[in-house]
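Enquirer: So you can see what is in the structure, the chains are spelled out below.
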Amino acid sequence: MAQPASSQTNISRLSDLKDKVGHVPFIRRNSFVYGSLSLLVIYALFLLPSKGSPDTVDLGRIVIFCLLLLVWAFIIFTDELKPEKLKTIMVFSIFIIAGWLYYRYSTARWGEMGFLFFNLEMVQKAWPTLVEGFWTTLLLAICAAIMSTVIGLLLAIFRSFNNPVLNFFIIAYVDFFRAMPIIVLMMLIYYALPFMGIRLSAIVSGILALGLNSSAYVSEIFRAGFLSIKKGQIEASSALGLNPIQTMRFVILPQAFRVVIPPLVGNYVASAKDTALASSISIIELLKAGLSQKSLLANPSPLIFVTALYLVMFVPLTRFSGYLEKRMKESQRQVRL
Amino acid sequence: MFLRTSSRKGVKCKMNDTGAMIEVVDLHKRFKDLHVLKGISTSVKQSEVVAVMGPSGSGKSTFLRCMNRLEEPSSGHIYIEGIDILAPYIDINRVRTEIGMVFQSFNLFPHLTSIENIKLAPMSVRKISDQEATERGMALLDKVGLVDKAKVYPEQLSGGQQQRVAIARALAMQPQIMFFDEPTSALDPEMIGEVLDVMRNMAKEGMTMMVVSHEMGFIKEAADRILFLVDGLIVEDGTPDQIFNYSKNERTLEFLSKII
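If you read the protein sequences in the order shown, they are chains A and B.
With the working numbering applied, the first sequence covers 149 to 485.
With the working numbering applied, the second sequence covers 1166 to 1425.
Excised from the complex, chain A in its bound form (with noise of 0.2 Å):
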């Protein structure tokens, strides 16, 4: 009964896989293999050719590199008996290879990145603009917010009195205005209706496409706030007394919001993002301030410091809108129990 541990062992890999997942591939049960390929790998990294930029024969030994560096990654990585910190580096080294072939034989001017791209003089002479321009995007962002909900919330309000022809225009208003692309409805308001006789300045025709556009997807969400209310809330608040505008007033808005804000804030952000789209119809936003000031300047610097501009701006906004969802739904799962 009682044999000795060692001998157990012995067996134990191997024999312990094949319990567990039955066949074990004939390129893992052998360090053979790992040890070819790595020779592989690294006879191949000395075929790699010098800098600069590579011609045909080249570029094939440079792919041939990356092939069975990607096959080698990926038996490692697919071996659950490699301990996990391995495969962390090796995803990290993979990466740091990447960028060192991609500085090795691309043609751009490294030396003077720091002109090109992160030149906080061109930065600065294009500040004025990039300051208007950010600016319009905020003043774009709010306006079609505001309007969104405006509209959005009376859809809705109006969507939860049933009544069939009115459903049918308000759906075929949310149809319309998802299905449209927000940039083909600036052009149309901007470009098109001077023929009917509306003309309407290009930051008006930039609001009114993002509010209409996200106005579709706001009324959706305030009615799925809505139908998140029980029959109950209702009838109880009929029973007391109360009209239907007292009911919508104190009993479902308070209720609904709370259901709402997530999806809304989110909503928001996205909006704020296709502010963007506004520089095709001429509104100097963000963008059309970063990309004038790149071809007045002849340097790209603006446009980077505009992109990091965004991010630094959105990727809060974003963290805050998922922040939000993980709390409503904590809270849910609180009330529930």
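Honestly, the hints are just simulated from the structure, not real lab data.
The model shown is predicted, which means the values in this text are computed figures rather than measured ones.
Honestly, I wouldn't trust all of these hints.
[Unchecked claim] Only part of the chain B face toward chain A is listed, based on derived beta-carbon distances under 8 Å:
{"hint": "1", "residue": "N1258"}
{"hint": "2", "residue": "R1261"}
{"hint": "3", "residue": "P1275"}
{"hint": "4", "residue": "M1338"}
{"hint": "5", "residue": "Q1339"}
[Stated by the list, open to error] Straight-line C-alpha distance at most 25 Å; calculated SDA-like pairs for lysine to any residue:
{"hint": "6", "chain 1": "A", "residue 1": "K378", "chain 2": "B", "residue 2": "M1338"}
{"hint": "7", "chain 1": "A", "residue 1": "K378", "chain 2": "B", "residue 2": "E1237"}
{"hint": "8", "chain 1": "B", "residue 1": "K1316", "chain 2": "A", "residue 2": "I400"}
{"hint": "9", "chain 1": "B", "residue 1": "K1292", "chain 2": "B", "residue 2": "E1347"}
{"hint": "10", "chain 1": "A", "residue 1": "K378", "chain 2": "A", "residue 2": "I305"}
Built from N, CA and C at the ideal position, the CB exists for glycine as well.
Use these hints to put chain B onto chain A, whose structure you have.
Expert: Okay, now just chain B, sitting in the frame of chain A:
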């Protein structure tokens, strides 16, 4: 009395002066092809406590809900204090302020505290001041024994406490009639007592009550009459003593044998 003000433009209300608080005449309710109430006629006097019993699906809840038009009756007449509440010129919200309703699932407003739940309707419908509503609300909370829970949200209350707040909320409108739709069915056994105590006190104070319930002890003690509903019809109507001890109706006896 109270409803006469709701008749608009001098249209005369249909009156039915039998002196009864509630008078129901040939009430029918159909849900598409399902005939739930098949002609119910009864009357309830002032300060009377009427228990409505019957097997599930017999239309007890629908009957109660028809009487404040949470369900719209298909045909028939309902007179409350002699006034036909199904007439087109009746402002149903005005009628509902005089009828308190307590639900099986409490239906408290989860975004409001207990006292806010109670204050909401008096302040928004009756337009009384915040201070007065708070005073009255606290008095009602005292009556149901929950003064210390005034600033607590419903989710932090037990089922029995929630139902007692719901009763206080209904009472805050100072209704003349109270409807209870299975008020204790969703409660754990040890919480039923506290809710029934509150209801017993209300009965003693002379409130007109209609209670859908199967709490035998409560019905025996507090109810003046029992309506026994089967398949949308009243098959028996009598005092608890008559029904529990001397009933000859087969359907009633079968039901009673199951719940006792």
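Enquirer: Does each hint fit the structure? Answer for all of them.
Expert: Results for each hint:
1. N1258: This interface hint holds because 5 Å falls under the 8 Å limit.
2. R1261: The hint holds - R1261(B) has a Cβ within 8 Å of chain A, the shortest such distance being about 4 Å.
3. P1275: holds (7 Å)
4. M1338: holds (6 Å)
5. Q1339: violated (11 Å)
6. K378(A) to M1338(B): Holds. K378(A) to M1338(B) sits at ~23 Å (cutoff 25 Å).
7. K378(A) to E1237(B): With Cα atoms ~19 Å apart, K378(A) and E1237(B) stay inside 25 Å; holds.
8. K1316(B) to I400(A): holds (21 Å)
9. K1292(B) to E1347(B): Distance ~31 Å between K1292(B) and E1347(B) Cα, so the pair is violated.
10. K378(A) to I305(A): holds (16 Å)
When the structure is compared with the earlier hints, violations turn up for hints 5 and 9 and for no others.
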